[in-house]
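Quick note, the sequences are listed as chains A and B, same order. Each residue of the first sequence is one higher than the one before, starting from 0 at the first, in numbering that gives the first Met the number 0. Each residue of the second sequence is one higher than the one before, starting from 0 at the first, in numbering that gives the first Met the number 0.
Not one of these hints is a red herring.
Since the list can't tell identical chains apart, any single copy or any two copies may satisfy a pair.
Mimicking EDC-like on lysine to aspartate or glutamate, the simulated pairs with C-alpha atoms at most 20 Å apart in a straight line are:
1. K164 x E192
2. K215 x D118
3. K164 x E203
4. K215 x D114
5. K14 x E38
6. K14 x D221
7. K164 x D174
8. K215 x D235
9. K14 x D263
10. K215 x D231
Since the hints were derived computationally from the structure, they do not count as laboratory data. The structure displayed is predicted, hence computed values, not measured ones.
There are 2 protein chains.
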Amino acid sequence: MTADPRLSMNQATIKYASLDEALQVTAQGGYRSIGLWREPVQAIGLDAAARRLADSGLRLSTYCRGGFFTMPEGAERRASIDDNRRGIDEAATLAAAGAPGSTAVFVLVAGGIPDGSNDLIGARARVADALGELAPHAAAAGVTLAIEPLHPMYGSDRAVVSTLKQALDLAAPFDPATVGVTVDTFHIWWDPEVLPQIARAGAEGRIATYQVCDWKTPLPADVLLGRHYMGDGVIDFATLTTAVEATGYDRDIEVEIFNQQIWDSPWPEVVARTAESFDSTVVPHLAASVRRRS
Amino acid sequence: MTADPRLSMNQATIKYASLDEALQVTAQGGYRSIGLWREPVQAIGLDAAARRLADSGLRLSTYCRGGFFTMPEGAERRASIDDNRRGIDEAATLAAAGAPGSTAVFVLVAGGIPDGSNDLIGARARVADALGELAPHAAAAGVTLAIEPLHPMYGSDRAVVSTLKQALDLAAPFDPATVGVTVDTFHIWWDPEVLPQIARAGAEGRIATYQVCDWKTPLPADVLLGRHYMGDGVIDFATLTTAVEATGYDRDIEVEIFNQQIWDSPWPEVVARTAESFDSTVVPHLAASVRRRS
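Required output: the full structure, derived from the provided sequences and hints.
This is the structure we're talking about:
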């Protein structure tokens with residue numbers, strides 16, 4: 000089987016696969032890259048996970064995920080910051096173990112408004128504070144923190160960072176090699192400012208990862224799981240992909256789909272269907288000049 | 000019973016009440032203002048509705064709602080534009096029949112991406128076109144069209160206008176007396192740009208109506224119905240209300256809640272609970288100077 004050389008399987012798309020299973024089915028699907036999640040890595044231990052990744056021959060595109068640091072100062076916040084430091088170290092180890100062209104990108108989801116609070120502005124300020132704490136550690140480890148704006152429907156319980164502009168404003172004080180952004184079509188497709196902000200992200204060197212999947216309504220009862228194969232919804236991948244490619248973005252492109260039906264499907268089928276979906280919606284809009292990874 | 004003199008009951012909060020029932024329970028609750036919806040008005044006819052409103056002694060704050068004009072040119076689009084013209088005329092008639100201080104505001108929801116399309120940008124352009132068609136009619140009727148940005152979770156199926164900035168940009172070519180915006184806390188609370196855009200809306204004279212209700216997660220299975228009494232969720236009504244009042248906004252403030260449990264509650268209870276919720280969350284932040292409506 001073959002897949003576009005820049006396509007990366009985000010492990011969450013085959014959520015119930017162990018790390019070994021995910022690496023195997025992804026490589027067998029002709030992919031050259033994978034985005035890993037912390038839980039399956041921790042299930043077998045970091046050192047073992049790094050060896051398995053190295054053995055797979057796959058690149059690492061991102062490591063998911065950290066963040067969740069909107070709580071006020073205290074033990075819980077300290078535990079979160081410490082856990083993020085460990086995540087940064089894990090990302091560095093895994094990226095070093097992956098095939099050449101791996102990128103040490105640690106995806107960050109900000110976290111929601113703390114329970115019982117309605118202080119959105121304060122929660123956002125604590126995201127900025129956390130980045131300030133983590134950036135030196137990330138810089139030392141050679142890891143890029145990729146702030147991910149999440150769709151505003153998650154604005155209260157998962158991420159007080161809701162737009163690409165906001166993520167870029169948060170990243171602005173830091174070296175782009177240390178703090179960048181995640182551009183995920185599912186979260187930003189609706190934003191009237193998305194095209195100028197993608198251009199800005201590129202100009203500032205901050206697109207750490209480009210992730211794709213589709214949006215369709217009605218949303219499922221669990222709105223976390225409303226993601227779809229590209230082409231099954233309303234997102235204009237031509238316009239968004241062209242905008243990202245126009246910035247010179249030349250990294251792998253991840254497909255990250257949270258969808259119960261897809262999770263319940265056989266993994267080889269998901270891997271194949273993901274590649275087909277990518278071929279028909281994204282690949283036609285990739286810059287011809289950016290084939291170096293093949 | 001009493002209620003703050005600027006509080007207006009949006010009829011959708013007591014969705015199953017007929018127009019007569021809604022007018023009666025609202026007046027009995029001590030309110031001085033109501034926002035009406037087209038369906039209950041049409042159920043008894045415009046002339047009868049205008050008489051009943053006049054008899055109630057209530058002001059009209061808004062008339063809900065028009066819009067839904069993102070489809071491409073053709074019979075369906077013509078029918079929508081014509082229906083919006085009728086809605087404008089109805090708003091003018093009802094505002095004239097309401098108590099002094101009534102405002103002729105026709106709320107517009109843009110409409111979603113047409114079925115089978117992924118052309119979000121085209122759909123948005125057709126909203127601008129529709130405003131251009133309707134503005135002369137609204138100006139002649141003395142009605143303000145109030146573009147309502149809807150939360151981005153409705154971006155595909157209900158409204159391709161998702162932010163206050165976008166609504167203001169759409170309104171910009173027109174006289175503020177003819178095209179303004181709806182500032183509804185449920186839709187815009189998450190927006191990192193909300194405070195400067197509220198200030199801008201005020202400076203440009205475009206806040207046609209301020210509507211309040213709360214946001215809470217988890218969202219219900221039908222995400223349209225995830226609205227709550229103020230204080231039951233995460234929205235910071237102090238900050239948002241202060242920002243709106245700082246612009247000099249001096250109109251009525253509507254409470255518009257879509258919530259199955261509230262719809263299924265006795266109307267007098269809903270009317271009372273709405274007033275209490277308004278008193279505790281919004282009233283403390285009203286500008287003391289803006290009491291003229293009392």
